[in-house]
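Colleague: This is what each chain is made of:
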Amino acid sequence: MLSFLVKRIGQLLFTLWCVATLIFFMLRVLPGDPVEFKYTSEGGVITAEQLQQQRQRFGFDKPLVVQYGHWIAGLAQLELGTSIWSENPIAQEIGTRLGVTVQLALLALAFGLVMALPPGILGALSRGTWLDQLIRVLTVTGQSVPSFWLAMLVILAMLATFGWIPAIEAVSFRERPWEYLAQLVVPAAVVGWRLSSVNARLLRSSLIEVLGQDYVRTAHAKGVGPARVVWRHALTNALLPTVTVLGIEFAGLLGGLVVTEQVFNINGIGRLLMQAISYSDLALLQGLVMLFALIYVTVGFAVDIAHALLDPRIRVH
Amino acid sequence: METSTTVIAAQAAEGVPRAAAPSAPVLRVRNMSVAFTTDEGTVTAVRGLSYDVHAGEVLAIVGESGSGKSVSSLGVMGLLPGNAKVTADAIEFAGTDLTRLSRAEMRQLRGHGIAMIFQDPMTALNPVMTVGQQLEEPLRQHLGMTARQARARALELLALVGIPDAANRINQYPHQFSGGMRQRVMIAIGLSCDPKLLIADEPTTALDVTIQAQILELMQDLCARLRVALVFITHNLGVVARYADRVLVMYGGRMLEEGRAADVFQSPRHLYTAGLLASVPTLVGPLRNRLEGIEGTPPNPLHLPPGCPFAPRCSHRIDACGAAWQVLATDVGSLSACVRAPEMASGAIAWQPADAEGRVMGLASRQPVKPAAADEGPLVRVQGLEKTYTLKDGFFGPALKVKAVRDVSLTIARKETVGVVGESGCGKSTLARLLLRLEEPTAGTVHFRGEDITHQGDRALRAFRRHTQVVFQDPYSSLNPRQRIGSILTEPMLVHGIVRDADQARGNAQRLLQEVGLRPEHAERFPHQLSGGQRQRVAIARALAMEPEFIVCDEAVSALDVSVQAQVVNLLADLQQEHQLSYLFIGHDLAVVRQIATRVVVMYLGRVVEVADREAFYREPLHPYSRVLLAAVPSIEQVSMARAQEPAAILGEPPSPLSPPSGCAFRTRCPVAKAECAATVPPLLDLGSGRQVACIRFH
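So the sequence lines, in the order shown, correspond to chains A and B.
Add 4 to a position in the first sequence, counting from 1, and you land on the number used in my numbering.
Add 15 to a position in the second sequence, counting from 1, and you land on the number used in my numbering.
This is chain A alone, in the form it adopts within the complex (with noise of 0.2 Å):
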């Protein structure tokens, strides 16, 4: 198990400091100066004296291997430079937001398992059947539905039945607890609704094969009684699969919040996002894709270990 974390840790580093190298020279290609763009975006009128200063202030007058080397440096050090547009810190700037979208994250990732199991194992069990197809139409339905769209739809829906809708402006949790929980609920509902129809497609197809696996006619066979021949000898192998696409989801998951965010007007991690690529503000561009690189990698890596502690065999070889 040791030698498989190091080796697993390894590999995770290689990859971000190919996200790094990447998005750095990525960034640089794009036409447009930011710094100007800083300055004259909002009608304001900048010299060229200026503008080689402020150039200067945020390192931009470096040749392109310097800029590189101090943003690899930089993030050895995980020190991630400051914002162009707000010139705060780029870790001020995530670690206030990231708490809303990770809480939202994975409350979506919660709803996106749990409403997946009863269509999954419903359409597994009447394989064929009219509630197959139907069950079969709704998550193919979840799935082409996109996110924001159905946010939308679903406060307008809340507006012409109830009249409400959750606030729109920043509640704090310790002030008044249920109106930031419902704040939270409805866009991750709405995030989890749409996973959980590729989780439900892909837990009834898994179901299936193990169904018709020889160990599940042994337990058959022993006197084990439906239920738990389902639970407990078929769901634990059927599972296997769908924790694997539920790690790869969840990077999906990040995208899908970002507009989500917007609809719900929720300041998190997604706005923020929006905000950088609106002002060209690169540091904080390049900051924001290697917290998401990081959150992919670190989300492939406990997947991994997720399978090793379901699935044995992984576990000893």
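Calculated from the structure, these hints are not laboratory results.
A quick note: this is a predicted structure, and the numbers were derived from the prediction, not measured.
Any given hint could turn out to be false.
With the C-beta cut set under 10 Å, the calculated list includes, among others, these residues of chain A facing chain B [claimed, not checked]:
1) Thr145
2) Gln147
3) Ser176
4) Arg178
5) Arg180
6) Pro181
7) Asp218
8) Val220
9) Arg221
10) Ala223
11) Gly227
12) Val228
13) Pro230
14) Trp235
15) Asn241
16) Leu314
A short, non-exhaustive set of chain A residues, derived as facing chain B with CB atoms under 8 Å [claimed, not checked]:
17) Ala225
18) His311
19) Asp315
In the DSBU-like style, the derived pairs of lysine-lysine whose C-alpha atoms are separated by at most 35 Å in a straight line are [claimed, not checked]:
20) B:Lys211 x A:Lys11
21) A:Lys11 x A:Lys42
22) B:Lys211 x B:Lys100
23) B:Lys418 x B:Lys211
24) B:Lys100 x A:Lys11
25) B:Lys416 x B:Lys689
Glycine included, each C-beta is placed from N, C-alpha and C at the ideal position.
Based on these hints, arrange chain B on the given structure of chain A.
Modeller: Frame of chain A, contents of chain B only:
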């Protein structure tokens, strides 16, 4: 066990009064049928099956694939899928009619009163549960044991089925057990709740002969001691002969013959049984030139013929075969459904294969297959061949070396067939791949027609590839499912430029199909439209398309049914004569190897331990491993042997090739090992007349 002389008709509902039966049967099946509803129509898998099993008795249900033998037992267990419909006048278990039980009551019985063991121990255990959890489950469910009681009983059971170090192994997962050990765990699960009846569905088909012998001995011994009635389903007639008290022969969903194993095997009273017995190669007795097998293939269960399902393949069919269906008692006390049973009893008719179609099915040419003479120098000469695989245990783990083939030297003459035998993992398939240079040897050389092919470049290798071909074990996965048979055959001819154009290739393909006993129209079919035997014929035709001199048959007949296996063995022999072929025949069935190979090479853990001519080898194997291997093979002659004549004990399982024992690798399992055996690896000693043995006792 006496069989009744009362006449029964299987269609009739009445049971057979068993005059001398000491007790009521544990299982009494009367007129059972199983039908599946499928898209193509109703498939009747079992028709009018009736039989009894008594406590302490071993009943073998034998048949080829599709005969309904597994389906009938799954039907008794209530384990068939939803589209199956079981009807029966009675399925009585210990006096209870199973057809009247609710699903919940049936579930109470499964694993408690009736237990079942399945074919493939690799897949029959849940990979994410420990062996202990799986073993304790029925104990807690059926016997209401506490966790502690169940654990104690599970440990006892593991010890009972011969799993060493049970206290540690109980917490391990199935993948940490070998195939044989897993099957022992399955037996422990089956016996856990003291069942009255144990049904074993091909319990040893996936195992090596040595392990098979251990598992069957164990099952037989435990069932006799615990007075459990044992039904085992098998296609292996040798296993039936050695272990069964009674045998029930099924074909096309029907019971054709039933009786005491000795009676049925010595005096078969159904022509199918007689044909099946003639299809099986033997280990002792005179060597037959050909296997007098059965033509054709088993019937399509969608279109079963009326009357006797075997009639279309029977060489003695008469009009009456297609009409009435009745099971009658015979002169030897067995029951037979053959209308010509009285004539078989009087000796008026005996089994002989049909030879209507000439040699098309590979049976007609009756001239003996001459073992080829090694006059013009060897075709293949192997010297000091080695193959070492390096495995990595983790990223920084140590590199593990597996010596799959170690210092192997042998020759294969033109027109000769060399059989290679040994347990799985002994390196026989690796050796074959090295001979074909499908893998690069670590050391040593292979000469083909006097040329060293181990160091040849691509161009020369291409020419070599033309002269050597291979037929693999599994005809289901070795043919491309998306290619028509015709294109499978023509592709290699065109690639190697054997033919001028596509037209000539097609012509050749048609000729090849006929040569292997298929029809020209088969060229238009896809592999999945053919039976297993037909596919293996295609694989052989593809090999022949290259006009090779040397063909490696890697377990080429192992996956085929007994009657079809005989056809293919005969076909290989015919083709050898016609095309002057040399074969390297890798097999685990020593009786089949005896039928086809003129020389036998025995391998153990990568090394050759004995080389001998066929006659000498089967008359008196010299290496202790060869003896053990031969003793482990159940053979149909053994039905006449006294049960007291126990086969030689085969100790344990092969050691891991990662850490082979020092000195002679076989010493850890050898019945005659001495202290010196651990010191040095015994060299392969030439004893003259082509015989070589690697054992210290001959030095």
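Colleague: Just pull the numbers of the violated hints for me, sorted ascending.
Modeller: Hints 1, 2, 3, 4, 5, 6, 14, 18, 20, 21, 23, 24 contradicted; others consistent.
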